[in-house]
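In order, the protein sequence lines correspond to chains A and B. Number 71 in the numbering used here belongs to position 71 of the first sequence; there are no gaps in the numbering. Number 103 in the numbering used here belongs to position 103 of the second sequence; there are no gaps in the numbering.
Among the hints, a few may not be true.
Since the list gives no way to pick one copy over another, a pair counts as held whenever it fits inside one copy or between any two copies.
To be verified - Here are the simulated PhoX-like pairs of lysine-lysine, each with C-alpha atoms no more than 25 Å apart in a straight line:
1. Lys81 <-> Lys149
2. Lys149 <-> Lys45
3. Lys250 <-> Lys63
4. Lys45 <-> Lys300
5. Lys158 <-> Lys106
6. Lys63 <-> Lys45
If you are wondering where the hints come from, they were derived from the structure by calculation, not from laboratory data.
Protein chains: 2
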Amino acid sequence: MSGQIENSGAKAASQLLSPQNARDLFDSVDAFLFDCDGVIWKGDKLIDGVPQTLEMLRSKGKKLVFVTNNSTKSRRQYSEKFRSLGIAVSEDEIFSSSFAAAMYLKAIDFPREKKVYVIGEEGILEELELAGFTGLGGPEDGKKTVQMKPNCLFEYDKSVGAVVVGLDTYINYYKLQYGTLCIRENPGCLFIATNRDAVGHWTDSQEWPGAGCMVAAVCGSTEKEPIVVGKPSTFMMDFLLQKFHISTSKMCMVGDRLDTDILFGQNAGCRTLLVLSGVTTISTLQDPSNHIQPDHYTSKFFKKL
Amino acid sequence: MSGQIENSGAKAASQLLSPQNARDLFDSVDAFLFDCDGVIWKGDKLIDGVPQTLEMLRSKGKKLVFVTNNSTKSRRQYSEKFRSLGIAVSEDEIFSSSFAAAMYLKAIDFPREKKVYVIGEEGILEELELAGFTGLGGPEDGKKTVQMKPNCLFEYDKSVGAVVVGLDTYINYYKLQYGTLCIRENPGCLFIATNRDAVGHWTDSQEWPGAGCMVAAVCGSTEKEPIVVGKPSTFMMDFLLQKFHISTSKMCMVGDRLDTDILFGQNAGCRTLLVLSGVTTISTLQDPSNHIQPDHYTSKFFKKL
Chain A
1 MSGQIENSGA KAASQLLSPQ NARDLFDSVD AFLFDCDGVI WKGDKLIDGV
51 PQTLEMLRSK GKKLVFVTNN STKSRRQYSE KFRSLGIAVS EDEIFSSSFA
101 AAMYLKAIDF PREKKVYVIG EEGILEELEL AGFTGLGGPE DGKKTVQMKP
151 NCLFEYDKSV GAVVVGLDTY INYYKLQYGT LCIRENPGCL FIATNRDAVG
201 HWTDSQEWPG AGCMVAAVCG STEKEPIVVG KPSTFMMDFL LQKFHISTSK
251 MCMVGDRLDT DILFGQNAGC RTLLVLSGVT TISTLQDPSN HIQPDHYTSK
301 FFKKL
Chain B
1 MSGQIENSGA KAASQLLSPQ NARDLFDSVD AFLFDCDGVI WKGDKLIDGV
51 PQTLEMLRSK GKKLVFVTNN STKSRRQYSE KFRSLGIAVS EDEIFSSSFA
101 AAMYLKAIDF PREKKVYVIG EEGILEELEL AGFTGLGGPE DGKKTVQMKP
151 NCLFEYDKSV GAVVVGLDTY INYYKLQYGT LCIRENPGCL FIATNRDAVG
201 HWTDSQEWPG AGCMVAAVCG STEKEPIVVG KPSTFMMDFL LQKFHISTSK
251 MCMVGDRLDT DILFGQNAGC RTLLVLSGVT TISTLQDPSN HIQPDHYTSK
301 FFKKL
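Chain A extracted, bound-state conformation (with noise of 0.2 Å):
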């Protein structure tokens, strides 16, 4: 496999990193996008050279931005996740789900007045509230049952305006016959969609359900599609391109997913960069059925260039 850069498009060969093709990657790139799970950690352990590689890239004056489609944590949770594995990261570097689940309802002027319904975790809630929405579900319909008695009628609040569905391993029945119940019932009310992901590295050793889960619960349920603010949606792309500016030609983004990673990067005209840490297996990257293919992959961070 040749060393040398090409603009390969979506559907040409991913070329193997190496010394050389880094080199010349990380000449032509301001910016690094990375996805956290399966890429900077897979549960609470950090991927092997994942601190070294930061720092270099810091050192380097590089802009490093953190773009996880898992909304179970709110920026500030993430940015403490960070500091509890020893890496430094403000909550300005971190672009969550959760966080543009709720910058998609301030960019559309959703009615202050209107409630949120979550079926989700702590994350999508609080940044809700930072937002100014008032959130309902959660975390606090985790432990709830359903009475299905005669004459006994499921309540919900007839003023929500919109339910918000991301990864819960909290997840019950409850909560799903309100969210339908609301998306069904109450006029207008939007579906939101923190993402998609089949599944994720919630641990080291293994893959669990993701959002793309609960997600589909919900359309199966309530026979209608999520407006999706995660990856691949080039929302959160557009919000992090208000607040830096860098042309998406300087940035790369790093993921161990295709569907989601590797295509949000490539719809916004990005380099990109799969790393094998996470769910793409090599096999997975030169299936033929594959249409997917990033500019380059790797298996592991060179942490010095």
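Go by the hints and put chain B onto chain A.
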């Protein structure tokens, strides 16, 4: 609207059932196939006119069959439910999707030494056991939670060769992870759906998420499509025809759902009657976007003819 019966086909507009065309339908049909939820009952309440209609049909020598996509009960449990509501129906007259799942495994000679993981309720497990298969999961996994700690592996049975997904009002992340791992990791593991109904009348006052919700969740996490054994799949009809030697042109499918009941009847060449006592409204039936037209529709049963 004309009172005459025409073999209207899928696209011709439905006729409102009148005393006259009800008489003609009655004379030309030997067996009536009834859906249950939204047709016979809503929750634990019989729908008005049902006992008298069933009694009248039996007294005239019509064969009655009950074909339900609701997998929460076994045939034995459905027979008990009918009895508790004052209607005598034998197990042989009941075709539930729980039974269909077990019969499907029998039909394909599913190996007896393999196990079946169930995301669903008691009915599926009981039918699997009656058919000689080993079921896992179901209600006993309803209170299990997941441990997402470093190095902690989610254990699952490598001998699971099929995952059956049906309506599960105790759905949780444990079951979703269990079923997902089996389908993704156990070579050749089947993904079987009892049905894909979006919602159903599990209580008289409201609709609730149906099996389509849980099935979609597993599609979302596995990125695979299931084998469907309930309506509108023809599997249940093929099985029913083996048992009752009646031509499908002499059968009438009576149901409340266009995309399951009516489609199921039409796929098999049966006459079809939509009742408006369940999930389908007259406006849904007559909406230009609806392409499934039953031969007849009615908002109430004719207790006498």
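Open item on the list: Output the indices of the hints that this structure fails to meet, ascending.
Closed with: The structure conflicts with no hint, since it agrees with every one listed earlier.
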